[in-house]
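Line by line, the protein sequences give chains W and L. Counting from 0, one number per residue, gives the positions in the first sequence under numbering that gives the first Met the number 0. Counting from 0, one number per residue, gives the positions in the second sequence under numbering that gives the first Met the number 0.
Just so you know, the hints here were simulated from the structure itself, not pulled from any lab data. Check the hints yourself; a few may be wrong.
[To be verified] Derived DSBU-like pairs (lysine-lysine); straight-line CA-CA distance at most 35 Å:
{"id": "1", "chain 1": "W", "residue 1": "333", "chain 2": "L", "residue 2": "181"}
{"id": "2", "chain 1": "W", "residue 1": "82", "chain 2": "W", "residue 2": "333"}
{"id": "3", "chain 1": "W", "residue 1": "643", "chain 2": "W", "residue 2": "493"}
{"id": "4", "chain 1": "W", "residue 1": "485", "chain 2": "L", "residue 2": "141"}
{"id": "5", "chain 1": "L", "residue 1": "141", "chain 2": "W", "residue 2": "306"}
{"id": "6", "chain 1": "W", "residue 1": "259", "chain 2": "W", "residue 2": "48"}
{"id": "7", "chain 1": "W", "residue 1": "566", "chain 2": "W", "residue 2": "26"}
{"id": "8", "chain 1": "W", "residue 1": "333", "chain 2": "W", "residue 2": "230"}
{"id": "9", "chain 1": "L", "residue 1": "181", "chain 2": "W", "residue 2": "44"}
{"id": "10", "chain 1": "W", "residue 1": "448", "chain 2": "W", "residue 2": "374"}
{"id": "11", "chain 1": "W", "residue 1": "333", "chain 2": "W", "residue 2": "26"}
{"id": "12", "chain 1": "W", "residue 1": "48", "chain 2": "W", "residue 2": "333"}
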Amino acid sequence: MKYSVWLCVMILSFSAWSQCDFTLTGKVYDLHDGKVISDARITLKNEGKGAYSDSLGYYQIPNLCSGEHQLVVSHHLGCEPLKMSFTLEADTNINLFIEFHLLELDDMEASHFRLNRNLENEAQLNTEDRRSLASQNLGNQLSKLPGVSVISTGSSVSKPVVRGLHSNRVLVWNDGVRQEGQQWGGEHGPEVDPFFYSDISVVKGPGEIRYGADAMGGIVRASLDNWPKDKAFFFNSQSGFASNGRQGFQSLLLGGQVPKMKGLKWKVGSSAKMAGDQQTAQYYLTNTGYRELNVLALVVYEKNKNKWQAQYSQFNTELGVLKASHLGNLSDLKQAISSDRPLVEEPFSYTIQSPKQQINHEIVKLAWDYRFSSKLKLETDASRQFNNRLEYDADSKEGEVDFQLNLITYQANSNLNWKLNDQHVFDFGFQLQYQENKRAGRFLVPNYKQKNAGIYGQWKRTTNKWITEAGIRMDMAQQSAFSYIKDSLVTKSKQYDGLAGNLGVSRVFGHHWVLKERVSYRWRMPNISELYSNGLHHGAAAIEVGNENLTEEEMFAHQTSAQFKSKRFQANVDLYQYYFLNYIYLKPGDVFVLSIKGAFPEFAYEQTKALVNGFEAECSYEWSSWLEQGISYAMVRAIDLEQKAFLFGIPADQISSELIFSLPFWESKLKVNNQWVSKQNRVEPGVDFAPTPEGYFLMDVDFGMQIPSRKGAYYLNFGITNLTNSAYRSYLSRYRYFADNLGRNFTLTFTINL
Amino acid sequence: MKILSILAISILAISACKKQKIDDPVVTPPNENEEEVITTFKIYLSDTNGVSYDTLVFRDIDGVGGNAPSSFDTIQLAPSAVYLARLELLNESSNPVDNITLEIEEEANDHMFCFEPTINGALQVEIQDADSQGLPLGLQSKWTVGGINNGTLTIRLKHQPGIKTGDCSLGETDVELTFQVKIQ
């Protein structure tokens with residue numbers, strides 16, 4: 000009796016389970032360019048069931064019964080609703096391709112103005128802007144986004160600054176790999192070639208904790224995992240020329256799906272750049288040429304529930320450092336500051352002399368994803384990064400390296416993504432890292448071995464109106480630094496640990512408004528330079544002294560965002576406040592240190608309580624089908640609460656305006672960008688060697704068109720940056736003591752997408 | 000699957016071919032004081048007959064930063080005297096001691112010493128030696144002393160590769176020492 004009841008129950012439960020427990024999943028794509036669409040509304044007619052596609056275009060509708068269904072896809076931004084019928088017999092995957100009516104909407108969709116419900120404050124570089132900026136490095140491209148500036152060393156090195164925070168406070172997430180180079184250095188930029196990546200975005204402020212507990216300022220995210228849909232083979236080429244620096248570049252990316260092996264995709268690419276001395280409005284910047292040679296190879300194999308990925312990339316660059324910036328001592332610096340022009344001026348040349356830098360960055364990555372079911376997915380990856388940095392002094396004899404640094408980093412990440420139901424999603428995972436630093440030559444930072452481990456859990460609940468998110472993370476770090484003091488080895492070990500977390504809420508009001516509120520807690524360990532640097536800092540004529548007693552830097556952040564979107568008008572305001580405990584900064588000392596080169600000020604790393612707050616406000620208005628205008632304003636206020644002083648190196652207020660004229664032929668667009676940057680007056684006396692530079696105005700123009708063709712897309716972009724050839728100095732330029740920023744630049748870029 | 004594993008192995012194999020690797024294991028870094036550092040600056044003063052008068056020393060063994068200089072002598076001169084000065088630059092942090100003066104002599108065309116007395120005109124310095132282009136070098140100089148006075152003498156070593164014209168404002172300053180001078 001008991002046995003038959005048990006059997007009945009089993010049969011009943013089994014049949015109940017099989018009848019209406021199917022899941023429909025898939026991704027929503029734009030029919031034209033294959034990009035994923037988020038916030039698309041997928042509903043099943045007359046069933047009262049539906050879902051929204053997430054930021055990766057992925058949607059999921061569970062608990063469906065077998066049989067015939069009618070699916071409707073729509074988007075609040077306006078598109079042709081897609082209707083289709085299908086029969087459901089088992090868990091099914093249907094990818095949807097929807098068509099946007101207006102091209103303008105298409106572009107806005109790809110830009111950071113999409114009605115974004117996600118709690119991460121993410122601004123994406125759109126495809127069009129990336130074409131016109133193709134001759135620029137990653138940092139310069141990102142600086143077009145409000146709230147993002149760059150610490151520039153000429154136009155070869157640009158370090159992204161998000162709301163005044165940079166270096167170890169901004170994480171570069173290179174397609175699943177935490178980019179580890181010598182990012183503690185002001186003149187060290189991310190070794191990432193923007194060309195290869197399908198999506199590049201900046202998360203302003205703390206992002207999701209799965210990326211790291213130390214990503215306080217923001218995250219630069221670049222992803223490779225995107226192939227044009229339904230194409231057996233694709234070919235992308237980008238070539239161009241920029242007059243400033245007489246730069247030429249050629250980039251190629253090809254790939255596709257292997258027909259005989261369904262599920263096998265591949266991508267191979269190479270990029271080369273060459274530039275000579277750049278110029279300001281009035282003179283050449285002697286020895287600012289650079290070379291770049293990058294490669295990428297990526298293979299992805301998807302079969303059944305598995306997805307394997309192997310990736311290899313190299314970023315290699317050799318760049319000249321402005322000859323006039325290389326100093327012997329403080330007297331030299333004072334002489335340079337008092338001079339209108341750089342103290343060394345030579346005619347234009349492609350030759351890179353000393354002082355110069357050479358950087359090689361290599362990444363090897365293997366990843367494996369396993370989809371247990373439509374609800375459970377495991378992602379794992381392991382990578383090895385090798386970073387080699389060679390720096391040559393101005394007086395280095397031929398081939399003589401001033402110093403060399405080798406950084407080897409191993410990472411292993413794992414993430415379990417569990418969709419409990421159509422509302423609740425969980426992510427659990429861990430991140431492991433092992434790093435070794437070796438030095439040779441002049442001392443900058445010591446050799447060290449470092450281990451990091453982090454474990455996290457995230458929860459996200461999505462409904463039609465609400466997104467609620469919470470995350471918690473625990474990290475541990477252990478570092479051993481090695482140095483020789485009079486022939487005996489001294490090992491200094493440090494241990495750091497902490498919790499990180501965030502809590503956020505996003506609410507859609509009607510069809511036009513989104514309000515978001517997010518609080519986060521983050522921390523980071525002091526970087527190797529903050530702990531142990533000791534010596535003359537290149538080009539700053541100051542002695543920097545590390546502080547071994549630094550403790551974890553902690554940050555409490557809150558961000559509030561409001562977004563409004565109607566058919567013609569969109570506006571977005573992001574307000575933030577970051578409260579730092581133990582904010583690490585370089586403090587000028589009271590005395591001058593005497594040496595054989597004269598007297599130098601001494602700067603030492605200290606910790607204080609600090610407050611960084613500000614906002615970004617952007618809006619755009621579509622005057623007509625052929626004219627669109629956008630304005631943005633970014634402001635940062637940062638103070639040392641203990642000393643009641645301004646923090647050093649914070650970007651000044653900035654207003655940007657953009658006018659986009661859409662012309663009736665060849666899908667062409669004329670963009671006129673204006674930028675007003677004010678003088679940074681919030682500076683403390685006695686901290687800087689020179690007064691801050693004056694405010695400035697810049698105008699850029701870009702004309703982009705698509706050459707009609709039956710097969711593929713051909714784009715031509717002609718641009719002029721710094722149209723007025725303005726002579727200006729940016730407060731964040733590392734050359735500002737010596738020379739102006741770049742003058743007028745004519746660029747011509749030819750893009751082929753087959 | 001097989002193809003994928005071969006691919007994976009070959010990728011790892013390629014990555015094993017490293018260029019520009021520092022061979023030293025991380026635990027034993029190379030000698031920290033490998034750099035070209037001038038730790039010691041000496042001025043040998045003698046009278047016009049070559050009889051030794053005094054030796055002035057500036058010494059900062061650990062280079063820029065770290066401990067303060069251990070010696071920074073004051074120059075004492077007799078009024079109305081004429082001296083011959085000879086400069087010597089050493090790296091005393093290396094073993095054996097590196098005589099940088101010899102390198103400067105070899106690269107005389109790229110270097111120049113500049114003397115800037117601030118003592119109400121009571122000290123005149125005249126450079127006696129020259130490089131192969133006939134431009135002053137400064138390792139040998141003649142000092143003519145005036146009346147009783149106190150002041151300073153700033154001696155600079157300028158590194159001027161390819162740009163030497165005799166102008167003291169050009170190039171990078173490798174040495175800048177301001178000695179106290181007492182004429183009594």
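Practice prompt. Enumerate the violated hints, using their earlier numbering and listing them in ascending order.
Written response: As far as the earlier hints go, 2, 4, 5, 6, 8, 9, 10, 11 and 12 are violated by this structure, in ascending order.
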